[in-house]
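Student: Below, each chain spelled out in residue letters.
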Amino acid sequence: MNDLDVSKSLSVPELKRVAVQMRKDILYMIYEAQAGHPGGSLSATDILAALYFRIMRIDPTNPEWEDRDRFILSKGHACPVWYAALANRGYYDRSHLGTLRKLNSILQGHADMKKTPGVDMTVGSLGQGICAGVGMALGARFQKKDFHVWVVIGDGEMQEGSVWEAAMSAAKWKLDNMTVILDLNRIQNDDFVENTMPLGQVQEKWQAFGWNTICINGHDMQAVVDALEEAATIKGIPTIIIADTVKGKGVSFMENVPAWHGAAPNAEQYEQAIREVEGALI
Amino acid sequence: MISPYHFLLPEVESVLLNSDFFKTTKKHATRYSYSEALFEVAEINPKVVVLDVDVGKSLKTNEFAKKYPHRSFNFGIAEQNMMAAAAGMATTGLIPFASGYAMFLSMRALDQVRNSVHYPHLNVKIAASHSGITPGPDGVTHQAQEDLSIIRTIAGSCVIAPADHVTTKMAVHAMAEYDGPVYLSLTRDPVPYLYTSDYPFEIGRMVTVREGSDLTIIANRDLVAHALVAAAQLSGQGIEARVLDCHTIKPLDEEAVLKAARETGCIVTAENNVIFGGLGSAVAELLVENDPIPMQRIGVRDTFAESGPYYEVIDKYGLTFPHIMQAAQKVLDRKHAFNNQMAKGEA
Chain A
4 MNDLDVSKSL SVPELKRVAV QMRKDILYMI YEAQAGHPGG SLSATDILAA LYFRIMRIDP
64 TNPEWEDRDR FILSKGHACP VWYAALANRG YYDRSHLGTL RKLNSILQGH ADMKKTPGVD
124 MTVGSLGQGI CAGVGMALGA RFQKKDFHVW VVIGDGEMQE GSVWEAAMSA AKWKLDNMTV
184 ILDLNRIQND DFVENTMPLG QVQEKWQAFG WNTICINGHD MQAVVDALEE AATIKGIPTI
244 IIADTVKGKG VSFMENVPAW HGAAPNAEQY EQAIREVEGA LI
Chain B
7 MISPYHFLLP EVESVLLNSD FFKTTKKHAT RYSYSEALFE VAEINPKVVV LDVDVGKSLK
67 TNEFAKKYPH RSFNFGIAEQ NMMAAAAGMA TTGLIPFASG YAMFLSMRAL DQVRNSVHYP
127 HLNVKIAASH SGITPGPDGV THQAQEDLSI IRTIAGSCVI APADHVTTKM AVHAMAEYDG
187 PVYLSLTRDP VPYLYTSDYP FEIGRMVTVR EGSDLTIIAN RDLVAHALVA AAQLSGQGIE
247 ARVLDCHTIK PLDEEAVLKA ARETGCIVTA ENNVIFGGLG SAVAELLVEN DPIPMQRIGV
307 RDTFAESGPY YEVIDKYGLT FPHIMQAAQK VLDRKHAFNN QMAKGEA
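Chains as they are written, first to last, in my numbering: chain A, 4 to 285; chain B, 7 to 353.
Be a bit skeptical, because a hint or two may be false.
Result set (DSS-like, lysine-lysine): computed pairs, CA atoms no more than 27 Å apart in a straight line [stated by the list, open to error]: (1) B/K256 with A/K175; (2) A/K175 with A/K238; (3) B/K53 with A/K118; (4) B/K341 with A/K117; (5) A/K147 with B/K53; (6) B/K265 with A/K118.
Treat the hints as calculated values from the structure; they're not laboratory data.
Whenever a hint applies, use it, and build me the whole structure from the sequences.
Tutor: What follows is the structure in structure tokens.
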């Protein structure tokens, strides 16, 4: 993707190429670290590619810009996807990617806003990023700023009660300057979500909490882009995009396998995974 | 005769020895001092906003909400959301004062306090009423006797527990100017007015509120008044106690503690908080590595308390001035024994 000018808003075919590079970077980081969470990083890749390379109002040369859109990966264990987006967008050199989870790295095991340029909120303890997003959206409104807050949550994360506290409060304050994207990949640490703690009717639950809902295939780049653009135009009500995704998307042996929530590939698996991810463009 | 007291209201100093001091002296719950001070800091700093969790009536932050509806955010009974949202607000440059009960801010929302507020060192001010056993009648579920210890263990935390109305208001002003998270401990029940407006409040600096050279009593929040009464009574027995108001437990004013150790040779700490990890522990940790003089701690022992009138509860659980006087006597005996032993050793 070296020929892409990422400072411009990318087209859908270009975003697909970016997503391939991000998936390769995710696998590289986790392989080098021999630890991390590939499954939930790969399921959220297309969403972050669309946000960072088309949707968000950001300036990688000025990560502290007050009027920038904010992004929070509330499912913070999937931070390799965040680090891949930020590196490819030019927040820091790609050479950092090999340092994930190692001593003295700017890329912590769960994202640290004080260490990684472009990370807008420290995350890792589930159910907190979405609450911080509520605070940022209130802060924007109070200061009459027009930036938008984007928050990605996981479906397993919805088991945390604080997610629903945040949901209530976003509806109370009609936070239309915040959009939540649910990475609905159906797998959590131990097992499938359905076996661990079923979520029931996900769309109906968010609707009952007073949210506008948009349901999409989270790997259909055009649908992802359209949903994000639509969400930003909805007024008077918070919007959640329920993105149907595949955990481990792009790597055959990782897809829909709970064991790949938090495990690193060996050399052979890594080579196969890279081949398969690259093959997505052929 | 020159008074050994500093910054004490004359009408307080003159009645310290009255047997009904705690009954008759004028009192004010510092949770109200806090919300009164919010009006002042909001006038000074347009970035100050006030968050609460259905405690507007209890802390009178609802008065603030009446005057500044757009600067008030009531999160309902949801401390976790409020705390992480406060962190999010702080990232946008606001100074959120997150108000609630100490039990639920320091314990239910502890994960948020640690990971979303302190780890990124965001500029969130946590105002915790019902700290320690300052709610008497509410009982154990609302008596946050561990809060100061818990927050003190978090890296980069600042923990303030002011003794009275005047110093609580000063603390609120200082917090608003301080860059970083601060935990402010407030009382549910009324505590005596103690100080004049000359009190030199500075975060991290203890204030000598009584001169004395036989021992030092280091106290905070509601036990400062008890330390002063104990010192007044001890003076009648020929014992002169220095009293340090340690309104900031963290960062600890190490210089003041070591000076007291050097000059008075023994220390009593007094806190309405468990004896584990709070003021007494902080002082002991410092002394054991620098100047291990005799020391006694007043605090809640390994027990929960119970419902009852505030004064009666803290008396039953060993926190009032007679207990401080006993501890003073004990530490003085140990100091004399210690000094005698040292003298023998030298001879």
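Student: Please work out if A/K175 and A/K238 have their alpha carbons no farther apart than 27 Å.
Tutor: holds (14 Å)
Student: B/K265 and A/K118 were given as a pair; does the straight-line alpha-carbon distance stay at or below 27 Å?
Tutor: violated (39 Å)
Student: Take the C-alpha atoms of B/K53 and A/K118, compute the straight-line distance between them, and say whether it is at most 27 Å.
Tutor: Within the cut-off at roughly 26 Å; holds.
Student: Taking 27 Å as the top limit, are the C-alpha atoms of A/K147 and B/K53 close enough?
Tutor: holds (13 Å)
Student: Starting from B/K256, check that the Cα of A/K175 is at most 27 Å away, please.
Tutor: violated (37 Å)
Student: Below or equal to 27 Å on CA atoms is what counts here, so check B/K341 against A/K117.
Tutor: violated (48 Å)
In this structure, the earlier hints numbered 1, 4, 6 are contradicted, and the remaining ones agree with it.
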